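Engineer: Hey, can you work out the whole structure from these sequences and the hints?
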Amino acid sequence: MGPAVFRQHPNGSTLINRLYVNELSVTRIMSGPEAGLGLLDELGDPDWWRNQAILSTRLRDLVAGFDSIGSFTIPYARLPRRLGAYAEDFPRWADVADQTPQALLSRPKLGAAAVRALIEAAQRAVQVQRDTRVAGRVGADAAVARLVGQLSDFDREILSAQVWALDPVPQHVVAERLGVHAVSVSRNLRRARARFAELLTDPAHQEVGEHANRLRRRLGPYLPVEAVHAELRSLGIEPIAQTAGVLLHVAGPYSRRGSWLEDTSTPAGGRGQVLAAVDAVFGAQAAPTADTLLHALTSLGLPTEVALTYLQGQKDLRRFGDVWVRWKGDTAANMTEAALQILGTPATAEAILATIRTGDTAGTSLERVSAVLSQDDRFVRTSRSTWGLQAWDVPEYVNIVHAIGERLDAAGDEASVTAVINELRARYPDVAETSIRAYIGTLAFVVEDGVVRRRAKADGWPAVPPLNTARGAFRNGANEIRVAVLVTAEVLRGSGQTVHTAVADAVGVSPGQQRIFASPHGPVTMSWKLASTTGVSIGSLRAHAAAVDASAGDTLVLVFRLAGASLDVLRVGAEDQGTARLQKLLGHAVRKPAAALATALNCRQEDVGAVLRRRGDDQLAAVFDDDAN
1 MGPAVFRQHP NGSTLINRLY VNELSVTRIM SGPEAGLGLL DELGDPDWWR NQAILSTRLR
61 DLVAGFDSIG SFTIPYARLP RRLGAYAEDF PRWADVADQT PQALLSRPKL GAAAVRALIE
121 AAQRAVQVQR DTRVAGRVGA DAAVARLVGQ LSDFDREILS AQVWALDPVP QHVVAERLGV
181 HAVSVSRNLR RARARFAELL TDPAHQEVGE HANRLRRRLG PYLPVEAVHA ELRSLGIEPI
241 AQTAGVLLHV AGPYSRRGSW LEDTSTPAGG RGQVLAAVDA VFGAQAAPTA DTLLHALTSL
301 GLPTEVALTY LQGQKDLRRF GDVWVRWKGD TAANMTEAAL QILGTPATAE AILATIRTGD
361 TAGTSLERVS AVLSQDDRFV RTSRSTWGLQ AWDVPEYVNI VHAIGERLDA AGDEASVTAV
421 INELRARYPD VAETSIRAYI GTLAFVVEDG VVRRRAKADG WPAVPPLNTA RGAFRNGANE
481 IRVAVLVTAE VLRGSGQTVH TAVADAVGVS PGQQRIFASP HGPVTMSWKL ASTTGVSIGS
541 LRAHAAAVDA SAGDTLVLVF RLAGASLDVL RVGAEDQGTA RLQKLLGHAV RKPAAALATA
601 LNCRQEDVGA VLRRRGDDQL AAVFDDDAN
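Per full-length UniProt numbering, the very first residue in the sequence shown carries number 1; after that it's consecutive.
Because the hints were derived from the structure by calculation, they are not lab data. Since the structure is predicted, the reported quantities are computational estimates derived from the model, not experimental observations. Just so it is clear, CB atoms sit at the ideal spot from N, CA and C, and this is done for glycine as well. Take the hints with a grain of salt, since some may be wrong.
Stated by the list, open to error - So the derived label-pair ranges between C-beta atoms look like this:
1. Arg-214 - Glu-350: 53 to 59 Å
2. Thr-345 - Glu-433: 22 to 28 Å
3. Pro-523 - Glu-367: 37 to 43 Å
Structural biologist: If you want it as structure tokens, here you go:
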């Protein structure tokens, strides 16, 4: 055997530049795949890299069946890291097929061990590809076992504990199991992931990917753990087996979120996709149907029953019949808002309550619904009896007077009475024509020749009749006005009472104004609102009636003193007859009833009876007649 000449490689490894081999070795050099079968036996020799026959043979000739793996990616993650530097140059086996070991050894940082590892990896790939083709489909368990079997025990342990498990095991626990430091687990986890991912791309393990894809299609992006277990069992896979963990990871990866699993393969995650889909539906419709929501979720891949389970489990959603709404809690205001969203149009309090009762909600009442409609700024009145949502941006109905004013403003300050009535009836069907006419006839407006307009300052006020035309009203000197009021159930309940305009004028209350009268039993306000169809009103007299022990059928005499704006009240009962009754009404001793009444009524004595009858004081007129006779 002649001498060998060597040169030093830049990385320090010794490579053969020229090698004289003995005759026996030369006779073993052949061409074609058959040569590789014999030469590969030499790889077990530590000095294989001295064999010129091996060094000069292309990899496709060195490894029998090499071309069958040409389209496969080279598993750099499972090879010495130095080989990874050439992953871009040789991504697939076909890219390295025409390379010889000697050509590879001549590359920087590649030594004999790395090249031999590459050749052996090609051998294994050919063998796995051949075995896979012969075996055909083997089922999920066997396919996963075959893939996982190509990982080291160390890789399998950390992957099964920290990657494939739905409830990952802490790294320090994994380290204790393996008898290594936790840092070692952390450092090797990334590499183990890479090796596992590389195996998944290997066509030899295509069946694992197929099982994972099938599982993904059946699971969808988000579903309960129980549903996942049911699907796995239907595929013949035990939920607690390693196969299940591997397939769920490959299919998603799926991660636990409470009692649900979500596909985390997208940035938003499966749950985020579901939330976004629901938000999109509610962004387009305030009260979508169940079918609309289910379609949005099943389009993501959720089975119908899973989608329905999800909707039913959301505390911020509530179903009413066939529609769903956003739910803010079991309060009357929230229920009312939800009902209006369902109705989609202004409705009465009664219709709103009926809609509320179609859902699974806590009870409420018509009174409570009416109260929140008036008090909560989420709602706006749209007509005399209907309400809508402020968010709808619908015109607000304040009252009939306001509606008449809006119509006049739109028409240029005036319009025919007929036109106003027709338009308001069309816009507010629940407002009666008689009501519109009544408000047109108030002091807020002026009607001339069938045309109505707002009252202006220059129009002044209609003449007020004299005080003696007001039933029960008497003047007692220059500073006192006395008014007799019948005690009714409304008075005892505290309802406001109407007052004759002559009384208002006499006590100093003009149109559009009010005056407060102080009394020992609380202040009483007299108001003359321009838009009132009932004229002048006075506040509650309940406390005053109670203070004098008045009961239904009695008479209260309201004593208004003008200078100090004060009010006193006294009771006139059934026991007060004749002169005693008259004295309480007039406010002083009465010796001559006719003269006293004439003074209080500001009329002639002979006209007292007629004045009393004209204003409705028939009972007092009869008493006067008896006294006169």
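Engineer: If a hint holds in the structure, say so; if it doesn't, say that too.
Structural biologist: Right, here's what the structure says about each hint:
1. Arg-214 - Glu-350: 53 to 59 Å: 55 Å, holds
2. Thr-345 - Glu-433: 22 to 28 Å: 24 Å, holds
3. Pro-523 - Glu-367: 37 to 43 Å: 29 Å, violated
The structure fails hint 3 only (numbered hints given earlier).
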